[in-house]
Amino acid sequence: MYNFQKIRFSLFFLSVLVFFLGLPLILFSAFGYKFDNRSLKFVKTGLIFVKTQPAGARIYFNGKLLTEKTPTSMQELLPGTYRISLEMEQHYPWKGEVEVEAGKVSRMDKIILFPVRPNLQQLNQESFNLFFVDPDKKSIYYLDQGKGVVYRSGLDSGIFEDVASLPDKFEPINGWAVSPDRRKLFVFNQRQIGVVFFDNRENYEYPVSPVLLDYRREKVAAAFWHSDSYHLVVLTDKHIQVIESRPGALPVNLVELNNAEKAAFYDFKEDVLYFSDAQRSPDGEIYNNLYKLELHSNLYSLERLIIQPFEGIKSAQKEDNGE
Amino acid sequence: MNSRLSLKRFLEIVPGGLSWGIIVGLIFLSFFFPVFSAVIIISFDFYWIIRTVYLTTLLVMAHQRIFRQRNEDWLERCMRLPPEAGFSELYQLVIFPVYNEGLEVLRPSLEALAASRYPRDKIIVIMAFEERSSYARDNALILEEKFGGIFGSYLSTFHPDGLPGEARTKGANATWAAKSARELLDARKIRYQQVVVSCFDADTCVDKEYFGCLSYHFLTAEKRHQASYQPMPVYNNNIWQAPSFARLVEISSSFCQMIESVRLEKFVTFSSHSMSFKTLVEINYWPVDMISDDSVIYWKSYLYYNGDYRVVPLYVTVSLDAAYSGNIWRTMVVQYKQKRRWAWGVENFPFVVEGFIRNKNISLLNKVRRSFHLLESHVTWAVWAVILVVIGPLPIFFGGAFFSQMAIAYNLPRIAGLLFRFTLLTSLTWIFLSWTILPPRPKGISWFKHVLLVLEWVFVPFIILIIGSAPALDAQTRLMLARYMEFNPTLKGNKVL
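Sequence lines, in order, name chains W and P.
Going by my numbering, the final residue of the first sequence carries number 323, and the count climbs one at a time with no gaps.
Going by my numbering, the final residue of the second sequence carries number 497, and the count climbs one at a time with no gaps.
Hints are supplied without guarantee of correctness; some may be wrong.
[What the hints assert, rightly or not] Estimated spans, in silico, between C-beta atoms of each pair:
1) P:454 <-> W:69: 28 to 36 Å
2) P:252 <-> W:7: 40 to 48 Å
3) W:65 <-> P:441: 51 to 59 Å
4) P:10 <-> W:7: 49 to 57 Å
5) P:10 <-> W:80: 51 to 59 Å
6) W:66 <-> P:442: 21 to 29 Å
[As the list claims (entries may be wrong)] Covered by chain P, per the in silico footprint, the following chain W stretches (three or more residues, Cβ under 8 Å):
7) 5–12
8) 42–54
9) 222–228
10) 242–249
Derived by calculation from the structure, the hints in this document are not laboratory data.
Predicted model, so just to flag it, every value in this text is computed and none were measured.
Cβ coordinates follow ideal geometry from the N, Cα and C atoms, glycine included.
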């Protein structure tokens with residue numbers, strides 16, 4: 001038993017020795033120190049971590065090919081600048097210089113090696129002027145102003161079909177948008193908005209011919225689909241209004257605008273219109289303000305909206321401003 | 001609250017407070033001082049690698065000793081001892097404290113006892129039943145009928161419920177049985193120093209050489225009455241039937257005990273153990289109000305003999321049942337509760353330190369060393385898995401941008417990876433050794449189980465998460481909050497132990 005315990009104590013003290021001798025070395029190494037044989041001193045180093053997409057690129061480090069491929073790290077590097085080039089068959093190489101700082105990691109983990117011959121495809125089968133990509137429904141809409149035709153295709157080459165015809169002699173086209181339900185689109189210019197329905201032969205809910213909404217006293221500046229795919233939110237030079245996409249619909253003016261030069265953004269998910277408008281302050285200066293107009297169908301029945309409440313809001317704001 | 005109670009409460013808070021302090025402190029450091037935290041974690045990882053290699057070496061040493069002594073004819077060696085050693089006058093008193101265990105548990109234990117290579121007329125068996133158990137009397141009668149005439153003496157005792165000062169613990173039952181044994185020995189005019197008492201769990205099946213080995217070590221030990229004698233517990237009774245999870249945990253528990261057997265200065269009695277009956281009487285038996293009676297009995301003796309008391313390892317196995325239940329989740333719960341009960345051994349810390357304060361004859365060095373060992377082992381148990389598995393990655397995730405660009409942030413996971421590769425190497429040793437301690441494959445168990453026994457070691461990291469530190473942390477927290485545990489027997493298959 002004595003020898004047994006003697007061996008154990010030897011092992012114990014050996015373990016203690018290894019711990020206390022090894023730990024400083026491990027911690028030094030963890031902090032990036034290495035022993036420099038030339039200066040016989042510990043010097044603080046840094047490291048480079050390289051990761052590419054796709055992985056497996058050859059690494060030339062200061063012109064020398066390394067055995068490791070990406071992702072990998074180059075350690076115990078003295079502070080300074082290093083040349084790195086990354087190469088992969090059938091991909092454009094990446095070249096750069098990397099600065100290494102003592103005790104730090106230079107991470108190069110956002111490198112993409114692009115293929116030499118990208119997978120380039122032509123999708124359209126007819127001429128067009130404008131297009132709209134719908135990633136959710138994996139569709140692309142093409143608008144040919146000359147022929148007045150709307151086409152639709154998938155995201156890759158395949159089905160390419162004629163889905164609608166624009167109203168006759170509708171030009172110029174200042175803007176267009178496909179409705180959220182992807183069953184119709186509108187086009188507009190300063191004097192007219194035209195709503196065109198796709199594939200309506202089997203759907204009696206919508207009229208066969210396009211719906212034309214005329215603007216004789218106001219100029220249309222921008223238009224957006226409401227999320228219900230039935231109402232249009234229209235910015236004219238004088239008002240913000242909503243209008244139903246049906247023949248003979250009359251617009252409802254929601255807000256009276258002061259400035260014809262305005263910018264707008266419509267949040268389809270929340271049905272909120274953000275728009276800017278000018279406002280004159282008591283000191284006579286004109287300030288541009290940003291407004292938020294909530295048009296969520298759960299909050300308001302759009303048909304009931306009248307101009308007064310919004311006028312009230314703006315009046316109250318004017319009072320607050322001391323006008 | 002008087003000063004003694006205040007001291008006791010303080011000592012109860014110390015282990016849990018330390019464990020939680022380490023965990024919370026390291027989490028705090030990981031968020032606000034990640035570099036400092038990374039240094040501590042790397043140091044701990046390295047410490048753990050060295051500790052694992054060191055302990056695995058000790059395990060190999062203990063394992064080698066068991067195998068070297070496997071074919072030893074201990075009885076023959078006892079007979080060759082000089083007459084003054086007293087082998088011819090030596091009696092073996094065996095106490096089986098029984099709670100709700102049925103005959104399917106008790107019969108194999110007594111059969112193993114009957115099959116042991118030792119003069120049966122020198123074996124006194126006491127089946128210590130709990131009076132509150134409804135089947136106690138019936139089972140006692142059945143066992144008496146079968147085993148009553150086999151041994152030198154056979155006695156069934158029935159421990160009354162709710163005696164003043166007692167808790168419902170195994171120690172209370174064993175003490176009641178030992179007092180009955182004392183009356184029996186007095187009646188037969190057997191001197192206490194001629195008797196070695198073994199307190200066995202109800203499912204303990206002794207090796208046939210156990211009593212020979214025990215007698216030889218007892219008779220040849222220096223200051224034989226100032227030592228406990230600890231066999232190596234292996235959970236082989238149902239090891240082939242137990243699910244992987246339970247099997248791995250129990251094999252690991254056996255290995256831990258084997259490792260402890262080599263570290264003599266820290267070795268404490270655990271589970272089934274033996275000692276001089278004279279000593280047992282002198283120290284006033286097992287504690288009647290503590291759950292961890294198996295280790296407290298050692299500390300009571302240590303204090304009684306002013307530190308001149310030790311545990312002698314017996315490199316012979318006693319086989320117990322692996323704890324498991326119907327499905328994997330229930331097995332986890334059973335294992336968790338069993339390990340928590342073992343971890344409740346932390347209640348020894350206040351007991352021992354209070355004893356050290358009162359005892360003026362033990363050297364200060366010994367007091368500090370033993371208290372530190374006890375505290376360190378429990379605190380390490382409660383925090384190691386948390387540090388390795390949970391806190392280890394925290395600086396990387398929450399250290400912030402400044403930390404993430406430092407070399408140490410990059411090296412921290414690499415060093416942790418090195419740790420796990422080392423752990424894998426030591427696991428291979430453990431896998432091999434676990435194979436060698438298995439009992440023969442019973443009929444009806446497929447050979448494929450051998451393959452499974454190797455493959456199941458991949459579950460070790462998962463097991464570490466479940467029962468690595470959590471039961472110990474749970475037990476220490478309960479002690480810290482004075483939510484004292486009660487003794488709950490462990491489910492082992494369809495048995496209750």
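* Is 51 to 59 Å right for how far apart the beta carbons of residue 10 of chain P and residue 80 of chain W are? -> holds, 58 Å
* Are three or more residues of the stretch 222–228 of chain W within 8 Å, CB to CB, of chain P? -> violated (count 0)
* Check, residue by residue, whether the stretch 242–249 of chain W contains three or more positions whose beta-carbon lies closer than 8 Å to a beta-carbon of chain P, and give the verdict. => violated (count 0)
* Within 49 to 57 Å or not, the Cβ separation of residue 10 of chain P and residue 7 of chain W? -> For residue 7 of chain W against residue 10 of chain P, whose Cβ atoms are near 40 Å apart, the range 49 to 57 Å is violated.
* Outcome for the supplied range 21 to 29 Å, where the beta carbon pair is residue 66 of chain W and residue 442 of chain P -> violated, 57 Å
* Asked: Do the beta carbons of residue 454 of chain P and residue 69 of chain W sit within 28 to 36 Å of each other?
  -> holds, 34 Å
* **Coverage assertion for the stretch 5–12 of chain W with respect to chain P, Cβ distance below 8 Å, three residues required** => Per the Cβ count (5), the hint holds.
* Are at least 3 residues of the stretch 42–54 of chain W within less than 8 Å of chain P when you compare beta carbons? -> Since three or more residues must qualify, the claim that chain P covers the stretch 42–54 of chain W holds, with 4 doing so at under 8 Å.
* Measuring from beta carbon to beta carbon, are residue 65 of chain W and residue 441 of chain P in 51 to 59 Å? -> About 55 Å separates the Cβ atoms of residue 65 of chain W and residue 441 of chain P, which means 51 to 59 Å holds.
* Measuring from beta carbon to beta carbon, are residue 252 of chain P and residue 7 of chain W in 40 to 48 Å? -> Taking Cβ atoms as reference, residue 252 of chain P and residue 7 of chain W lie about 24 Å apart, which means the hint is violated.
Comparing the model with each earlier hint shows violations of hints 2, 4, 6, 9 and 10; every other hint is respected.
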